[in-house]
Amino acid sequence: MQLPHRLSRNSDYITSFSNLLQSWTAASLTRGTAAHSLRLILKIENLKISNFRGIREVDLRDLGNTIIIAGQNGSGKSCIFDAVRLLKSVYGGYQQNEWQQWMGEFQIQLSNRSSDFKAMFNDRNKELRIACDFRLAQAERVYISSNADEVLREVIWRRILPEAYEWGGYRMAMFAAQFRDREPEVLAEVAKVKPLLMAELSNEVIRGECFIPVGGIPNIVQSIALTVIFSTYRPQQIGVIDYHGAQRHYNREHVQGVNLDLDANKQQKSQSTLYNSQNKYVGVKSELAATYLREILSREAGVESRGGVTLIETLKELFTTFFPDKEFLGPKPTPDGALTFPVQTASGSTHDLDELSAGEKEILYGYLRIRNSAPNHSIILLDEPELHLNPRLIRGLPQFYEKNLGKALGNQIWLVSHSDALLREVVGREAYDVFHMLPCGVVQPGETQLKPLAVTADLELALVDLVGDLAAYRPGGKVIIFEGGGDSEFDQKVTGSLFPELQEKANLISGSNKVRVRALHETLERASEKGLLPFKFFAITDKDTDFEAPHKSNTFTWDVYHIENYFLVPEIVSSVVSSLSTAGGQTPEVVADNLRECARETLPQLLRHELAEFANNALIRAISTGTDPTKGDLVAELTAAVGRSVERFQAVSLGDLNETSLRVKERELRERYEAALADGNWIKIFRGRDILKRYAARFTTVPYEILRNLILSRMRETGYQPTGMKTVVEAILAA
Numbered sequence: 001m002q003l004p005h006r007l008s009r010n011s012d013y014i015t016s017f018s019n020l021l022q023s024w025t026a027a028s029l030t031r032g033t034a035a036h037s038l039r040l041i042l043k044i045e046n047l048k049i050s051n052f053r054g055i056r057e058v059d060l061r062d063l064g065n066t067i068i069i070a071g072q073n074g075s076g077k078s079c080i081f082d083a084v085r086l087l088k089s090v091y092g093g094y095q096q097n098e099w100q101q102w103m104g105e106f107q108i109q110l111s112n113r114s115s116d117f118k119a120m121f122n123d124r125n126k127e128l129r130i131a132c133d134f135r136l137a138q139a140e141r142v143y144i145s146s147n148a149d150e151v152l153r154e155v156i157w158r159r160i161l162p163e164a165y166e167w168g169g170y171r172m173a174m175f176a177a178q179f180r181d182r183e184p185e186v187l188a189e190v191a192k193v194k195p196l197l198m199a200e201l202s203n204e205v206i207r208g209e210c211f212i213p214v215g216g217i218p219n220i221v222q223s224i225a226l227t228v229i230f231s232t233y234r235p236q237q238i239g240v241i242d243y244h245g246a247q248r249h250y251n252r253e254h255v256q257g258v259n260l261d262l263d264a265n266k267q268q269k270s271q272s273t274l275y276n277s278q279n280k281y282v283g284v285k286s287e288l289a290a291t292y293l294r295e296i297l298s299r300e301a302g303v304e305s306r307g308g309v310t311l312i313e314t315l316k317e318l319f320t321t322f323f324p325d326k327e328f329l330g331p332k333p334t335p336d337g338a339l340t341f342p343v344q345t346a347s348g349s350t351h352d353l354d355e356l357s358a359g360e361k362e363i364l365y366g367y368l369r370i371r372n373s374a375p376n377h378s379i380i381l382l383d384e385p386e387l388h389l390n391p392r393l394i395r396g397l398p399q400f401y402e403k404n405l406g407k408a409l410g411n412q413i414w415l416v417s418h419s420d421a422l423l424r425e426v427v428g429r430e431a432y433d434v435f436h437m438l439p440c441g442v443v444q445p446g447e448t449q450l451k452p453l454a455v456t457a458d459l460e461l462a463l464v465d466l467v468g469d470l471a472a473y474r475p476g477g478k479v480i481i482f483e484g485g486g487d488s489e490f491d492q493k494v495t496g497s498l499f500p501e502l503q504e505k506a507n508l509i510s511g512s513n514k515v516r517v518r519a520l521h522e523t524l525e526r527a528s529e530k531g532l533l534p535f536k537f538f539a540i541t542d543k544d545t546d547f548e549a550p551h552k553s554n555t556f557t558w559d560v561y562h563i564e565n566y567f568l569v570p571e572i573v574s575s576v577v578s579s580l581s582t583a584g585g586q587t588p589e590v591v592a593d594n595l596r597e598c599a600r601e602t603l604p605q606l607l608r609h610e611l612a613e614f615a616n617n618a619l620i621r622a623i624s625t626g627t628d629p630t631k632g633d634l635v636a637e638l639t640a641a642v643g644r645s646v647e648r649f650q651a652v653s654l655g656d657l658n659e660t661s662l663r664v665k666e667r668e669l670r671e672r673y674e675a676a677l678a679d680g681n682w683i684k685i686f687r688g689r690d691i692l693k694r695y696a697a698r699f700t701t702v703p704y705e706i707l708r709n710l711i712l713s714r715m716r717e718t719g720y721q722p723t724g725m726k727t728v729v730e731a732i733l734a735a
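If you're matching positions, the sequence shown starts at 1 in my numbering and goes up one per residue.
Just so you know, these hints were derived from the structure itself, not from any lab. Don't take each hint at face value.
[What the hints assert, rightly or not] Within a straight-line C-alpha distance of at most 25 Å, the following computed SDA-like cross-link-like pairs (lysine to any residue) qualify:
#	residue 1	residue 2
1	407	424
2	48	182
3	505	445
4	48	117
These numbers come from a predicted model, not from an experiment.
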């Protein structure tokens with residue numbers, strides 16, 4: 001069944017979930033196989049990271065071709081890319097001492113002491129380890145096997161004489177004497193390691209692993225194959241790892257000349273593949289012109305473009321997908337022999353690519369750079385691809401990248417994002433592996449911080465929608481449903497603000513009224529007891545007077561009338577009011593007296609509400625239209641049931657609800673509330689929301705909503721946690 005992008009907050013939650021439960025029982029939360037069907041690319045198959053920077057434990061298995069990682073800020077998402085880059089660089093670099101650039105990026109000064117690496121540890125008392133299984137494309141295996149002597153010779157010479165390869169081998173002639181003297185040594189080493197290389201290439205996956213023991217220095221598990229792959233920059237034949245950081249800027253550019261020999265720029269590209277990534281986005285228009293001309297020449301020579309689709313065709317598709325009111329006309333020659341890049345708007349006017357907005361350039365130039373720098377069989381790491389984009393532009397981005405950079409060119413794509421709009425586009429689709437990352441402080445030791453969002457059934461997606469933000473969703477976490485009350489999300493907001501430990505470990509959902517919350521909770525609880533749900537559900541409601549409900553271990557009630565009753569703390573209210581006043585404010589003692597006076601003024605309203613509830617409940621209990629299903633005459637049975645209800649209705653109206661009885665009830669309630677005003681119990685049993693509204697109107701200069709939010713902020717700043725709330729929260733966390 002199809003689920004709308006967002007359930008209405010006023011929709012029937014019970015019906016929605018009941019329908020979803022029925023469809024969900026026939027499905028299973030297994031991950032789709034389509035995402036793993038394409039095995040013809042260089043890809044990360046398995047990845048395990050332990051005790052590295054913001055990561056305590058990450059364990060990913062059997063990865064597909066498009067991986068998307070969501071999570072809140074500070075959860076360690078980008079640290080995954082940092083670990084992959086480090087592992088790649090310690091095995092080999094596209095430039096001299098590439099691993100030192102990683103150290104320099106994180107300001108790690110090296111002096112051969114174990115203390116140099118302390119910034120890399122999440123916990124300095126535990127070992128740091130990064131392990132990754134790489135799967136090669138068959139074409140890469142064939143190429144490396146066929147050219148084993150050549151690539152090994154180049155790798156060994158890079159180690160022995162790195163300065164000769166500083167500019168792509170163009171300085172080799174300067175070291176001719178050294179080449180002659182040491183060539184026998186190099187050839188002997190090639191003959192020695194070649195069998196090891198061929199043996200590794202015959203394995204299904206190739207493992208790379210490095211670790212730093214406590215108080216030790218880095219150790220690297222030997223892999224000749226990974227050293228060859230990560231030291232040889234031949235992106236047309238061997239896949240690369242191409243990193244695009246979260247900071248990207250595209251300058252205006254005037255194309256003055258086009259170099260058709262793009263291989264001459266290969267060394268320059270290799271310098272910014274993993275580091276110095278800002279250099280990636282220089283000269284994008286020149287590369288567009290050069291690629292365009294090369295495709296023309298290749299087509300004339302009878303050679304099909306990469307992926308079977310030309311660059312200009314994919315750019316036009318890009319405009320159709322993301323900018324439907326604009327059309328890219330393709331490179332156009334000018335009378336003076338130059339190239340222009342016109343874009344036509346809906347009005348018929350044209351402008352240059354440079355005139356696109358920052359968000360439009362992010363999509364267009366970002367795609368151009370990725371397509372040109374990581375052409376085939378590569379691993380592309382994209383940090384926050386939604387940069388500069390509004391939700392409308394984000395919606396088609398994952399599918400476009402997966403189609404034109406993933407499938408068409410045989411690349412594995414990794415996206416790190418906290419964009420709710422982007423995640424909703426991909427969660428539940430078979431072509432994507434979507435994970436949610438939790439901060440290291442909220443997971444148990446040994447538990448992975450990444451939880452798969454395998455929403456092949458609509459139930460979890462509906463739960464995500466109720467949480468409201470997919471990036472804040474806690475897969476498999478406890479689900480707490482709050483009574484909405486007057487402000488449908490205020491209970492949820494207060495609890496999450498005052499108890500961040502609960503917010504980090506559970507999914508908080510704002511429901512509607514008390515009865516609906518209990519009914520929804522019971523529906524989900526029955527499904528959970530039958531083993532149909534992987535979630536644990538709890539319900540929290542306000543404490544309304546005379547509300548009888550069976551006690552359950554996972555149904556909780558605040559010990560006050562409204563959650564706003566917890567705000568009636570004289571010391572905190574005094575602090576807030578004093579900060580708003582230039583006349584010295586009010587002491588806690590004065591605030592306590594004023595709050596009590598406001599409570600006394602709400603007594604008539606409270607009595608009216610309680611008497612109305614009493615009468616309403618009595619009348620409802622008198623009505624029953626139940627019939628005996630074994631009797632044949634349904635109409636007669638129903639008529640008799642209605643008659644009995646009328647009799648009970650009349651009996652109640654003449655008995656418990658006559659004027660005398662109601663006056664007795666009113667007197668009992670008034671005496672009870674007057675006693676509460678005397679002994680201080682009014683703080684719990686009076687209507688806190690009404691008291692605070694009256695106090696804001698009489699004793700402050702700000703509206704009730706502002707006063708309420710200021711009190712909440714002060715409670716959070718001071719670490720104040722109401723005892724009644726803390727008891728409930730601790731019970732849920734311990735359950």
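(request) Please work out if residue 407 and residue 424 have their alpha carbons no farther apart than 25 Å. (result) Holds - the C-alpha atoms of residue 424 and residue 407 are around 21 Å apart, at most 25 Å.
(request) Starting from residue 48, check that the Cα of residue 117 is at most 25 Å away, please. (result) Roughly 19 Å separates the two Cα atoms, so the pair holds.
(message) Can you confirm whether the C-alpha distance between residue 48 and residue 182 stays at or below 25 Å?
(response) Violated, at roughly 40 Å.
(request) With a cut-off of 25 Å on the C-alpha distance, tell me whether residue 505 and residue 445 pass. (result) Roughly 14 Å separates the two Cα atoms, so the pair holds.
The structure does not agree with numbered hint 2 stated previously, though it agrees with all others.
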